[in-house]
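These protein sequences, in sequence, are chains A and B. Each residue of the first sequence is one higher than the one before, starting from 8 at the first, in the working numbering. Each residue of the second sequence is one higher than the one before, starting from 611 at the first, in the working numbering.
Simulated from the structure, these hints should not be mistaken for lab results. Heads up, the beta-carbon is just placed ideally off N, CA and C, and yes, glycines get one too. Any given hint could turn out to be false.
[Stated by the list, open to error] FRET-style restraints, in silico, Cβ to Cβ:
id: 1; chain 1: B; residue 1: 728; chain 2: A; residue 2: 291; range: 52 to 58 Å
id: 2; chain 1: B; residue 1: 822; chain 2: A; residue 2: 108; range: 57 to 63 Å
id: 3; chain 1: B; residue 1: 728; chain 2: A; residue 2: 108; range: 35 to 41 Å
id: 4; chain 1: A; residue 1: 214; chain 2: B; residue 2: 789; range: 49 to 55 Å
id: 5; chain 1: A; residue 1: 24; chain 2: B; residue 2: 626; range: 24 to 30 Å
id: 6; chain 1: B; residue 1: 822; chain 2: A; residue 2: 213; range: 40 to 46 Å
id: 7; chain 1: B; residue 1: 702; chain 2: A; residue 2: 86; range: 56 to 62 Å
id: 8; chain 1: A; residue 1: 108; chain 2: B; residue 2: 620; range: 45 to 51 Å
id: 9; chain 1: A; residue 1: 108; chain 2: B; residue 2: 909; range: 26 to 32 Å
id: 10; chain 1: A; residue 1: 213; chain 2: B; residue 2: 635; range: 24 to 30 Å
id: 11; chain 1: A; residue 1: 86; chain 2: B; residue 2: 667; range: 53 to 59 Å
id: 12; chain 1: A; residue 1: 40; chain 2: B; residue 2: 789; range: 54 to 60 Å
id: 13; chain 1: A; residue 1: 156; chain 2: B; residue 2: 667; range: 58 to 64 Å
id: 14; chain 1: A; residue 1: 208; chain 2: B; residue 2: 644; range: 32 to 38 Å
Spelled out from the first residue to the last, the chains are:
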Amino acid sequence: MVLNTQFSEEKTFLEKVKSFDFVLLITVFLIGVISCFAMYSTDGGEFKYHTNSHILKFSIFFVMFMIFSFIRIRTWYTLAYTFYLIILLMLVYVMFFGISAQGSQRWVNLYFLNLQPSELMKIAIIVCFARFYHRVQSEDVNKLRNFFEPIILLVLPIYLVISQPDLGTSILIACSGLAVIWLAGIKARYFIYSFLTLLVCAPFVISILKPYQKNRILSFFDPERDPLGAGYQIIQSKIAVGSGGLYGKGYLKGTQSYLDYLPEKHTDFIFTLFSEEFGFLGSLILLILYFVMLLRILIIGYGSKSYFAKFYCFGFASAVFLYIAVNMSMVLGLLPIVGSPLPIMSYGGSALLSTMIGFSIVMSCRIYNKEMIA
Amino acid sequence: MFQRSRQNINKNKLITRRMFILSSAKIIVFMGIVGRLFSLQISENKKYSFLSDKNRLKEWKLPPKRGIFEDYFGNKIADNNQVFQLHVIPEEVADFNTLMVRLKNIINLQNRQINKIYKKKEKQFPWETLIISENLSWEEFSKLNLFLHELQGAKPVFSVARIYPQAENFSHVLGYVGEASVNDIKNYSFIKENHVPGLRVGKTGLEKSLEKELIGSSGSQRYEVNVYGKKINQIDRKEGIQGKSFRITVDQEIQSYAQKSLIGRSGSVCLMDIYTGDVIAMCSSPTFNPNLFVHGINSKEWNKINNDPLKPLMNKSVSGLYSPGSTIKPIVALSALENNIVSPDLIHKCEGKVELYDHTYHCWKKKGHGFMNLRDAIKQSCDVYFYELARKLGVDRLSETAKKFGLNSKVLENYFFEEKSGVVPSTKWKIKNLGKGWVIGETLLTGIGQGYIQCTPIELCLMTAQLANGGFKIKPRITLGENLVYEDIKFEFESELKKYNQNLKENNEASLQDQKNFLQINNKNSVEPLFRNPENIKFVKEAMYSVINEPMGTAYKSRFNNKKYQYAGKTGTSQVKRITKEEREREEKRELSEIPYKERDHSVFIAFAPYISPRYSISVLIEHGGSGSSAAAPIAKKIIKLVLDRHEMREKIRKEEQAKV
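Turn these sequences into a full structure, and let the hints steer you where they fit.
So, in structure tokens, the structure goes:
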């Protein structure tokens, strides 16, 4: 029976194309188009470096997304650990030979692209965990022997990323992994225990944080503490969003970003710019697009037969949701400033690449949804 | 197999259940984000829009244009003229040091100035205008424009600055302007509101007292600026409003003539219209050039002015305090007559000195004047007669009259913040201020204008005016405001006098006090008589006539034979040093030049002119000038001639303006 399902339902190319989730495809494309417009605005209404580069990258990666969608889900399953290992090695490589910028060493020079392996790790960890839990019986999930492996798999990349240092990404990697662990059925109380332990450890953790990280956390609780320093970004971002109003200031008319009051408007604060120019209604539309996108991922996961696909889709949806939620909460002043890009919208090749690979795996789950994996 | 699929079902259920739990959490978080967006963008939109505008819009103030001053005839005495300035906005300059070196060669900057510029640069923001030079000569300006292409960031601009065409002639009336100090900004809200870097504000005189109206309001340019403060584009420009301009009552010709007549001397001249209270001239000597202060005075010149022992910065007319000397005698005489202490016919013998209360009091004339009546005593300024008069009168009654006639008051308080009030002592005053009881000898000294009594020249001028106009209170002024009709004032004074005389005839027996009450009751308009009996005023005025126009009068030398110019006055010699016994015993009279400057007497003179239907009063004070008749009276004489010559012209202007109204 298992064998049957594996081989008898081979689809033709056309059937595969037809079985694409076009809603997902279109929402991703729409968000991508919006991101290109937003990028054009950050460049002050001109085709400058960021706009051109973003459009180029988005086009390439979007095509790549569609091509990679034809990779069998079995192949992903088979290569899961290898994928994880390659990225982990890249993180180790970065530790010694990476390119540094703004005080942290995060990038591998690939000549056409400065790759940030930590971004790819966000996907790799999900794929890896999905494979791990695919094999584990639900009764055995809470057994001690099944604890060590995932924890080691999780702690290794987190350690490497934190030491870059990149607090934001490491938190997101941790959360992505934890999301899969949760789905696998680890008892809720273990999460509560860990959370409490974390709270107890928090003071020690804070003591080893870099001064700028401490400042960011402190200034989150009181942005006025240092209005020209760490709190500046939060204040200016809130002013930009708040002054947008219902309809926004109009495309290319966001004064906060146009006059450079907004920091890092290409990357982490792209939503601020969008929200300033398009107002509450525009932001709502963007949120709905994201919501639809996530919903489609969940539906694909729900419709998949294999646990691997389910774990992956649910885990990926949770992770993407987390990126969105963390980024938006951050720019709206609900969370401290941690470097975390908004999926698809933010400028940054690695993040876009990793997101698009993520989507192609989801799409692969959709195309090969009947495929069972032993 | 069965077990396996059952396990599968369990695992599927577990995953799905956990997925739903996670998804519900996601929806809640999404709602939270939407809620936050709503609260920022909808509920608090106003607040954040305001903050955004505050961010992006910056206002640059344009300097306000100061009101100007004109003299009575409309000649500009404080104007705004165009100056050439060099401005630099430091952030627009690639290399500030290089620019300064280049500029140094082009526009003759001294090292000291350059240091100042660097200091100023430190204090302000890089996008604020730095004024490198306030006042470039035309040569410098054109040279600068020639080299402009090499001087990136330098901006030659036209600006306006204060200029005083009459230079030193109006320094004390108008005062001068200088850069607004921290205190100026702190103390005056209208300066704070209109302040721009480099703003000039009045420091003394009318420039200071009328600052509120003179300053105008600053215009503004609003720019959209980026986070670095760089101007992106201009949103709007609002021109400021020029401050109010003032015409003052002073006659430029007479003022400069009077100022010139004081050259080489330290002193003051005040000239006043006795009906309207218009100040026609007010000089203080030595003077200084207020134009020096406009662009910041250099320290060498400042030290020269500030350390001058003759105090050029002080407006001696309103803040110089001097013993009036014998010029107080008309008031002493009037007070004695008004209080019915003496009759004008009282004869007293002057023997050159008198022994009273164990002290010897001397007359200025060693040999004595012989038998004197009141008129002769005024005419010849007999001290012994006035000792007697003062003794009988008492200091308190004297002080009452003196205060009524304008002594011990601030005459132009609203115009000159630096004005000081003179001192008219009384028994109460001494207890209050010195904590000691009055000594009768002091009354005698007060009677000849020595001792505690002190006046400013403008007080003396007002006192003379109020005697000359028949004894009515006037309100001196120096700016033309409310249109005062001279004829009306004169008519009111005269009708008041008529009423008074009529009343006097009808109630011959009534006491003076009653008559005074009667006057006050009937006094519906603003006329305020200062006398009890107008005959007394008349008497004093007549006595003052004799001082000038009769032989033996102390200022007989300064008389006019031409009836048109005949005037009345009183000389005064105010001692600055007590004369010792030895000095008195020395027989020979010393020449003025033999006495050390600081020990010479002040020369004082008061007068009103013309004698028949008088119109002007004058006070002249020459510090250490010797006797009143020798220094002050000849100057007064010349000025009186000029003012009477210009009388017709002045009247013509006045009548033209009245016709307009």
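Enumerated hints in conflict with the structure, sorted upward:
6 and 9
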